[in-house]
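Student: With these hints in hand, go ahead and build the complete structure from the sequences.
Given next are the chains, with one letter for each unit.
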Amino acid sequence: MTDTVAATTSAAIVPGVRGQPAKISFRGITKEFVSQAGGRPIKALDGLSLDIAEKDFVCLIGPSGCGKSTLLNLVGGFERATSGEVLLDGAGIAGPGPDRGVVFQEGALFPWLNVLNNVCYGPKRLGVPRERYLADAHAILDEVGLLSFAQHLPAELSGGMRQRVAIARALINRPPVLLMDEPFGALDPQTRVLMQEMLLRIWEHDNRTVLFITHDVEEALFLGTRVVVMSSRPGRVLKDVRADLPRPRDFSVLRNPEFVEMKAELFALVREQTIAAAADSSSRASGARAR
Amino acid sequence: MTFDRLVAFGKAACLPVAIVAVWALVTGMGAVPAYVLPSPRAVLATLIDFFFGGSTQAYSGKFLAHFLQSLYRVAGGFACGTILGIPLGIVLGYNRRIGAFIEPTIELSRSIPGICWLPLALVWFGIGTGTSVFLIALGSFYSIFLSTLGGVRYVNPVLLRAGRSLGATESSLLYTVILPAAFPSILSGLRLGLSYSWIYMVLGEFTGVNYGLGALLLQSRDTMDTPLIIGLMGVIGGLGVISDRLMLLFMTKILGMDVR
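Residue numbers (our numbering), protein chains in the order written: chain A, 1 to 291; chain H, 1 to 260.
Just to be clear, a hint being listed does not mean it is correct.
[Claimed, not checked] Using 20 Å as the maximum straight-line C-alpha spacing, the simulated SDA-like pairs for lysine to any residue come out as follows:
hint, chain 1, residue 1, chain 2, residue 2
1, H, Lys253, A, His152
2, A, Lys263, A, Ser64
3, A, Lys124, H, Leu173
4, A, Lys124, H, Lys253
[Stated by the list, open to error] What follows is a set of in silico ranges between Cβ atoms, one per label pair, in the way DEER data are often shown:
hint, chain 1, residue 1, chain 2, residue 2, range
5, A, Gly107, H, Val7, 30 to 40 Å
6, A, Asp89, H, Pro104, 45 to 55 Å
7, H, Gly10, A, Glu197, 50 to 60 Å
8, A, Leu147, H, Asn95, 34 to 44 Å
9, A, Arg174, H, Pro113, 50 to 60 Å
10, H, Ile112, A, Leu147, 52 to 62 Å
11, A, Ser158, H, Ile242, 45 to 55 Å
12, A, Arg201, H, Pro104, 52 to 62 Å
13, A, Glu131, H, Gly237, 46 to 56 Å
14, A, Glu197, H, Gly238, 53 to 63 Å
15, H, Tyr175, A, Pro129, 17 to 27 Å
[Stated by the list, open to error] Anything over 10 Å on all C-beta distances counts as not near chain H; from chain A, calculated:
hint, residue
16, Ser64
17, Gly76
18, Leu113
19, Gly159
20, Arg201
Keep in mind the hints are simulated off the structure, nothing from the lab.
For every residue, glycine included, the Cβ atom is placed at its ideal position computed from N, Cα and C.
Tutor: So, in structure tokens, the structure goes:
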């Protein structure tokens, strides 16, 4: 049932969906960061290639510092690769744009705008007529269950409610691609499960392309059509798994034997990489002492 | 007023009440000559005379005349400091490349104490309103400029990314994200600038103008009117507090801006 594919795919074609061009394509991406303190640049990504098909829900997992967020920032247009290219519908990415909705980790709502105005921010900038975006905002706030909080400021909401507003704000522009950078990482486990179910409900309804960053194996398997495991720094694709569990999903899938088996396997892999990352950073530290 | 606020007010009032009590006690015993430290009662009587008249003193009933002169200078200087400080802070905060040309000079000139500008201001503007307005503008400019620059430059980068990914252009980003995000910082710069304005108002009026609270303060030293000196110190301090509250009220209630 699980279809493990090769780590590097050179053509812009996703295995298993042959013939269909990739929605997002990373080709030989290397990203180096120059640290403020000077010294040798740190290589976050090393020649990474990955294709994401349209309507794929790809979850990226890996140890901290493996470059997961960097990949998302490249698609978002917030960062540029040191070498290699990122293609969206076959074209290069010049900068951020409303065709890629982004949900950030937390604290990205505009604190001076109430919930409704946060959600309406995008369509206002894009010149959507007032009647239309107000109707859209009401519909989408209703969908995330926050219609009665439309007039509240972000500071008056709980962490989970704030992330629901952030999702609504990103979705109202109807972006073909949704980028999510550990959006539920700061939430308590109960709230997180409810948020995941809500996100799945929305996704199963519109099937947009999603790139979802997480460090939680269970979350990745629960949400994604595909789970990509990255190595410790410099980040490469270590394993690419198709998660063909039944849909529509709810939390009962957590007891599915296939789910349990895949989770154990991926968890072991991520654990291995996390240990490798820890060993790498301690050797770096001792190297620095030796100098 | 809730009970909690009443309690807080009571706690805050303890020390001032004690100070006035000791002051009254010391002066009542005749421990110090009245020209060095007059009694609280004498200060109060002088202030009432200053506000409402009733004696043959030159300052009797002249509060409004002196106050309006000072207010005129403060308003003029503060307006100049604001008109220069906010736009310059926005431009230099937003564009580091322009900032590299101008910021170091402003930083360097800031280390010259405001009071050092007094002789030059007298040469340029003569005794009177011009010098006061110049010193007040100078004194309020730096805090307004620096707070605006900091607020604009250090906007949370995630908010900028959010704005851009939602469809904001660079120019709409300035009005819809950068300025609202910088607002609390700009407001604190304006409050600081206003308090500096009252300080430099006194300095400017010490040059020997006829009307103004600072001018009267200097004149009252010449006439050794200690009750008036102490009374005016209280009046000038009180006006600073009132103007600060009024500005806060204006910004939050009338412009509907939030202050964090």
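Student: Report the numbers of all earlier hints that the structure fails to satisfy, in ascending order.
Tutor: 4, 11, 17 and 18
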